[in-house]
Each structure stands twice: as structure tokens, then as C-alpha cells.
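Line order of the protein sequences matches chains A and B. For the first sequence, numbering that gives the first Met the number 0 gives the first residue as 0, with consecutive numbering after it. For the second sequence, numbering that gives the first Met the number 0 gives the first residue as 0, with consecutive numbering after it.
Simulated from the structure, these hints should not be mistaken for lab results. Hints may contain errors.
To be verified - Computed beta-carbon distance windows for the label pairs:
(1) A/Asp61 <-> B/Glu31: 51 to 59 Å
(2) A/Asn103 <-> B/Pro295: 30 to 38 Å
(3) B/Phe104 <-> A/Arg101: 19 to 27 Å
(4) B/Glu108 <-> A/Glu115: 56 to 64 Å
(5) A/Pro113 <-> B/Val247: 36 to 44 Å
(6) B/Ala169 <-> A/Glu45: 28 to 36 Å
(7) B/Ala294 <-> A/Ser65: 50 to 58 Å
(8) A/Arg84 <-> B/Asp110: 30 to 38 Å
Fair warning: this is a prediction, and the values are worked out from it, not measured in the lab. Yeah, the Cβ is synthetic: ideal placement off N, Cα and C, and Gly gets one too.
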Amino acid sequence: MSITILLRALDRAMQERVAEISGQNVYKCMQCGTCSSVCPMSGDMEITPRQAMLLIQHGLVDPVLSSRTPWLCASCHTCQVRCPRGIEVTRVMEALRQIVLRENRDMVNPREIPAESIAEMPQIALVAGFRKLTS
Amino acid sequence: MKISYYPGCTLKTKAKNLEDSALASLAALGIEVEELERWNCCGAVFSLADDDLIHQVAPVRDLIRARDAGADKLVTLCSQCYNVLARANKLMREEEEKRETINLFMDEEVDYHGEVQVVHFLDLLRETIGWDALREQVKVPLEGLKVAPFYGCTLLRPAEVAVGGGDRGAPHVLQDFLSALGATPVRFSAAEECCGAYEVLINPVEGMRRAGSVLAAAGESHADAIVLSCPLCEYNLGRKQGDIRAQVSGIPDIPVFYFTQLLAIALGLDASAGRFELNMASARKLLQDKKFVEAPATQV
Ligand code: SF4
Ligand code: SF4
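Model the full structure from these sequences, guided by the hints.
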């Protein structure tokens, strides 16, 4: 992955929002890559959890927000249990999702879910999904 | 000691097989629990945003109702409900500022400080009966049944709410439980992994791949079945298994049970207590083949 860092691209305000919503200090990250190696979804992510941490450290929140990474994160909490720096990476992912959702954007449209799926899915799939993916 | 029971939404409909088998087993074991007279959905996922307290109100309200019912413990079965209630309770115990805000907001209720203890059904068994005593109650030992214990995420993470009473190292409550029933827990490399959770709604292909890799690991472990305690895991690994097999190669045909269903059978309860009609068809068949239950009089 190559990313050109322009000084004007550094978005401190966005970086602060991530810190505020997640309650995490991204500068504690030492880029060891443990989170990416244990993340069950990182194989499908174009920006892995470690890369996301690095980009946020540099104030480059936008590329992470426009990637699928926050939406591929299943909130399994494996990364944060293993992070040697004690960073709750799952909360960082949540902050990224919240920044998008709080703009009143929905990532799934309940009306588009086929009736058969609704009939067979357990309620917790729908409730959890709507909590995580809609505003 | 009074124990309140919180079922959660899914157990009253899609996961009746989890609830019915659990309650029948508790009755057989002589453990009394009382369902909360009024309860609401816990929210299914714990709110991870630091500035969002409104989503803590639902689980806290359930905890308050348990306390007001005079309960010392609140027991749950669904792993997701357990995770949400246990973490909300921890927040109310430990985070003073948030607790005060929530208590101020909930002005009709008496302030809550985390008085109730949230326990998962597995820990209730472990703490109130213990594995040795449970073994003595077993009427139909599940001999020769090789089972892959699947914890998934929410029974184990974060560590502060992990079941097993602070076991160090790899968790073993489910293995201990299975051994008490006479079954053989197998070594299962995906036991603590994610089943794909709610990805089914937004990234079904990737979610299916995730569930597929858990199933493939179960196949490699040579287990006859998988046991778990979460209706979302059951959906991703059980109900969707046929679809996954149609799209991913190397996926075994392996029945998925709720742990309480095996408990009910091992305790010698009638097969109807297991509600196996709600599982994939291969589930009941496996128990019949192993002679743990009889074939129903009229085959469907
Ligand atoms: S595990 Fe923690 S310290 Fe290591 S890269 Fe991930 S966030 Fe950074
Ligand atoms: S919580 Fe999200 S980012 Fe962390 S390991 Fe799980 S899926 Fe990956």
C-alpha cells in the first residue's frame, strides 16, 4: 500500500474525534502488528488494523473511513485482548464506524433485507447488525 | 439466595431449543430460577463508544429489575446477552461518573450500583453444582461422542467478563462440562474464534468465509458435533452450514448443538425437552445413531 502524505491532509480534528469516541490513545501503538495477525477479518481488509492505527497516528483518518475496514470488523475483541500496549483496538474501530453513522448514513437498509432472511435470522443478528451498521 | 433469569429476545422464538432444554435441565437438577417479570432487549451488542451512555440504559434497566425482584444473581444463556449485561454491570460498579449520569437519567428507578451478579448458565452450573456432582446426576453418559467446544467471542472477551471464573490460559469450562456429561471434548483450534457475527448483514461473502474456516477446523478436529451457547453462532455455523458447503470446499457436515441440549439428554430427560426440530436435521440423527435418544415414533 502506498500513500502520499500531504501536510494539508493531516486532519487533527478527525483524529481527536477518534480519540474522544474511542477513549483510546492511538499514540501508544508501537506497530507490532499483533492485532492484524490475530484479526479474523484482516485477510479481507485492504487496510489492516495495524495500518489503520498508523494512519490515524498520522492524522490520516479519511483513507481508513473510506475503506471497508471498519465494516469488516466484526467486533470480536481479539485484537484488544492481545494488544501488548493495552489499546482497545475494537473501540477504535467503533469510533470509525460512529463517525460515519453519526452523519446519518446507514450501511444496511432494513427494507432491502429479504423476507426469508428476516424469517430465519435470530433476533440478535438483526439487532446487533442494526446497532452496528445504522445511524 | 434468589436467582433471576433473563432469557433475551431470541430464546423466546428462534432459540427455543436453548431455553427449553436449559430450563428443563435446571428443574431436573433442582436449581430454582425465576424469570424476570418484565424485561427488555439488552441491545445485543455492548456499546463501545465512550460518549454513548444511552445504550447502557436498556441492560441497566434489566439489572435493576433483577435487584428489585430480590435476586442476588441474574443468569443468562445467550452469550451476547451475557456479554452485554455483564459489561453494563461492571460499568455500573466501577465507572463512577457514568454511573451517576445513568442513575440521574433513570429517575423513576432506585439508583443502581451493580448489586446483582451476572452469571452465565455454564458458570451457574460450575458454581452451584460443580462438575463432579453433575457427573453423578448423569443418567445417559454421552460416551463416544466427540464434541468441539465453541466459545466464540462473547463468552470470553473482554477478559474481565470471561466465563470460567478467571481461568488462566486457555478456557476450559465447556470442556469440563462436556467431560462431566461423559462426552469427549476434542482439541479444536477455532474454539475461541469469531463465527462472523453480524457480518452476514453487510459482508455475507466474507462472513461466510469466516464461518467456513471455523467449520473446517471442526472437521480437522474429527469431532462428531459442535456445541455452543450463542444463537448468532448457531445461525452462522448451523443453519447456514448448507449454504457455506455449497460455496466453500472442505466444509464438513457437522451438527451444531446448544450445550444445554446435550445436558438435557445426558440427564435422561425426554428428547422433546431438547426441541431438536429447531436444529439442523443431522443433529437429532446423530443422537439417535449414538443411541442417546430414540427415533421419534413418526419419522418426519
Ligand atoms: S497490537 Fe496494539 S501495539 Fe501492536 S500494532 Fe496493534 S494496536 Fe499497535
Ligand atoms: S475486533 Fe475487529 S479489528 Fe479487532 S480482531 Fe476483531 S474483527 Fe479484527
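Hint check:
1. In this structure the supplied range 51 to 59 Å holds for aspartate 61 of chain A paired with glutamate 31 of chain B, their Cβ-Cβ distance being about 56 Å.
2. Between asparagine 103 of chain A and proline 295 of chain B the C-beta distance comes to about 52 Å, which lies outside the given range of 30 to 38 Å.
3. As the Cβ distance of phenylalanine 104 of chain B to arginine 101 of chain A is approximately 20 Å, the hint placing it in 19 to 27 Å holds.
4. The hinted range of 56 to 64 Å is not satisfied by glutamate 108 of chain B and glutamate 115 of chain A, whose Cβ atoms lie roughly 40 Å apart.
5. Between proline 113 of chain A and valine 247 of chain B the CB atoms are about 21 Å apart, so this pair departs from the stated range of 36 to 44 Å.
6. For alanine 169 of chain B and glutamate 45 of chain A, the hinted distance range of 28 to 36 Å is satisfied, since their beta carbons lie about 32 Å from each other.
7. Judged by the Cβ atoms, the range 50 to 58 Å given for alanine 294 of chain B and serine 65 of chain A holds: they are separated by roughly 56 Å.
8. Between arginine 84 of chain A and aspartate 110 of chain B the C-beta distance comes to about 36 Å, which sits within the given range of 30 to 38 Å.
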